[in-house]
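Chemist: This is what each chain is made of:
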Amino acid sequence: MSNFAKNPAEKPGKQSGKRSRLRNLPFYGFFGKALSGSGLGGKALVIAIPVLWLLIFFLAPFFVVAGISFSEAAIARPPFLPLWQWQDGVFSLSLNFGNYWFLLEDALYYTAYINSLKIAFISTILTLAVGYPMAYMIARARSGLRNILLMLIILPFWTSFLLRVYAWIGILKANGIINNTLISLGIIDDPLIMLQTDFAVYVGIVYTYLPFMILPLFANLVRMDNSLLEAAADLGAKPFRVFLSVTLPLSIPGIIAGSMLVFIPVVGEFVIPELLGGPNTLMIGKVLWTEFFSNRDWPVASAVAIIMLLILVIPIMALQRSHKNDQGGSP
Amino acid sequence: MKETAIAADTRPWLKAQEKPFIRLKNLTKNFGDFSAVNNVSLDIYRSELFCLLGGSGCGKTTLLRMLCGLETPSSGSIEIDGQDMAGIASHERPTNIMFQSYALFPHMNVEKNIAYGLHRDRVGRAEISYRVNDILKLVQLEEFAKRKPSQLSGGQKQRVALARALVKNPKVLLLDEPLAALDKKLREETQFELVKIQETLGVTFVVVTHDQEEAMSISTRIGVMNGGKLVQIGEPRQIYEYPNSRFVAGFIGSVNIFEGKIIEEQKDFIKIGSPEVDIEILVPHGVSCTINQPVAFAIRPEKIHMSRNKPENLENHKNPKKPIHRLNGVVEEVGYLGNISIYKIILEGGKEIRVTRPNLSRVEGSDISWDDEVYLWFDGGSGIVLVS
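These protein sequence lines are chains A and B, in that order.
Take the first sequence: its position 176, counted from the start at 1, is 176 in the working numbering, and no numbers get skipped.
Take the second sequence: its position 78, counted from the start at 1, is 1078 in the working numbering, and no numbers get skipped.
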């Protein structure tokens, strides 16, 4: 019982603050003084590392590409003219907007962008349709089984992405596994044409990007407070209604995260449409590749890349905004 | 005479012909080898505020969850208002539960949370808004209707959860530790509010709690649970003054227990010899027992009197109607709680007991203090003889 106080005369109390004890530690004194002397706290140091990382590995390449997109192509090494010059005491900066103008003029680019967005959108929906039930099942499984199922989701990452896409060629081609099976069973006489169609591209994309949809969805669903579902059932909701009115709306952050992780890389996807798609599968990643390596027109290729980035940044920003409003909303 | 009439009216469990509203028969729930609820039979009457009281893991929450269909009993039956609940899913039962965590839907505002159950029942739009407003008024949350749960305080969330469960007019409202998340002051206020709401609506409440004070102050009857079994059912006063076992005596309030055995049995009193104190304890009420049977004499700390001066004019120890027993001891520790003080006393034989005393005076010097030699006395009739 904590109600009993010792005789106050026997035990004189001794007070010491935690903070003052922390200050007495030698390392705290050293770093504390050095950081506060330079006007930086420990927090600033912690934030500085990722900021530096982003500057070096994201922003710097971005500016290089942006710079190239404003220059002119040339038969040289590197295959473009410098953006600025310093000659006879004159600094001249020439920005060539012609590359961007060229993208607008040629319908090929416009069609490729739209087609990429369409393929990305449809495959995101397909991935979500396949991934949501899987993530839900894994989240609901008992914990031992859950770890095994999660392992199975991550397992394909252990082999090369390229190999796995090649494997799909073996499955889908005219004398591949599917066609051979169906013919030997007598279901079809002539092989189905699956390879080099949009269908094959969707199969490849859904297969490859499924883990990126499942993992964030799983992380969201596994944290779902079970008592919310029980409360809904107790208040008279049938199981499917519980899912529609509680589980689904509460998993929207997971759906958004998973969809972004699929949609964004699929827009720029190159390998899958190149290997599984036909000549009609026009995607901006393929166009980019052709400009860069076949035509060696680096400025136009860079302009294509920058436009793609802009197209993707706008929905990301809009999404983040809506997410922020949703979380920290005021009455 | 009038008083007894009212008392009889409000206590249906005293009438043999009264039909129970909730009837549990041999209810058992096993999780693997572990029996969370073990053969519980219990009758609860209409408009009761029944408390299931017990420590953590005693099965009280499992019992509650079986009542609303969130757990399926391993064996036994549940009957609510004459209807057998076997095979009836949670969303079809005439019960609603208020969760310990409140389980408010975070993506809906207060109004929508409360209306959720009514929408499921396909109640008309106009009636929903009428009933939601009504219940918001009852729990005094009208101006918070548009807030999200994350913008509410703990006490407000508690009231939303209560409103959401009550708005469906359930036959039985189940409350799982309804006040546990509130701080002490708010808890005491809310206790009375809860009782008031229960009395206004006349809904049968079954409350699960581990807090014996809470159970004592709100309930019509208490069921004390231990290890999956219902060990005693009774009105708060019954449970406190006449516990039927060492467990109940120790769980509800604090108690001094003298282990011993019966050395003499007469028609209207028994005599207990305890090696822990050098007196024979005379208890005037009849207990069915045999000579030499091991028993315990239990007495509450507030029922032992204490003084620094030798008490004069005390009744004779031998008077079997009011047998006064005297003890001597030394104060070991003092706990000052404001309204009362708790004293830990070492008796002459070395046995340690607790005595509480109201602090009637504000002056410090008049108090009994550390290392004081004190005289103690108690009436044998104010203690209980425990055989189990």
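Honestly, the hints are just simulated from the structure, not real lab data.
Heads up, the beta-carbon is just placed ideally off N, CA and C, and yes, glycines get one too.
Be aware that one or more of the hints could be misleading.
In silico DSSO-like cross-links for lysine-lysine, where the CA-CA straight-line distance does not exceed 30 angstroms [what the hints assert, rightly or not]:
id, chain 1, residue 1, chain 2, residue 2
1, A, Lys238, B, Lys1112
2, B, Lys1171, A, Lys43
3, B, Lys1137, B, Lys1112
4, B, Lys1185, A, Lys238
5, B, Lys1267, B, Lys1229
Listed next, the stretches of chain B that the computed footprint assigns to chain A, with coverage defined by at least 3 CB atoms under 8 angstroms from CB atoms of chain A [said to hold, decoys possible]:
id, stretch
6, 1095 to 1101
7, 1184 to 1198
Chemist: Now look at each hint and say whether the structure bears it out.
Modeler: Here is how each hint holds up against the structure:
1. Only pairs whose Cα atoms come within 30 angstroms are accepted, and A:Lys238 paired with B:Lys1112 is accepted, the gap being roughly 18 angstroms.
2. Between B:Lys1171 and A:Lys43 the alpha-carbon distance is near 56 angstroms, which puts this suggested pair outside the 30 angstroms criterion.
3. A hinted pair counts as satisfied when its Cα atoms are at most 30 angstroms apart, and B:Lys1137 with B:Lys1112 qualifies at roughly 15 angstroms.
4. Our distance criterion of 30 angstroms between C-alpha atoms is broken by B:Lys1185 and A:Lys238, whose separation comes to about 39 angstroms.
5. The straight-line distance between the Cα atoms of B:Lys1267 and B:Lys1229 is roughly 34 angstroms, outside the 30 angstroms bound, and the hint therefore fails.
6. Only residues whose C-beta sits within less than 8 angstroms of a C-beta in chain A count toward coverage, and the stretch 1095 to 1101 of chain B has 5 of them, enough to reach three; the restraint holds.
7. Interface restraint, the stretch 1184 to 1198 of chain B with chain A: violated (0 residues with C-beta to C-beta distance below 8 angstroms; minimum three).
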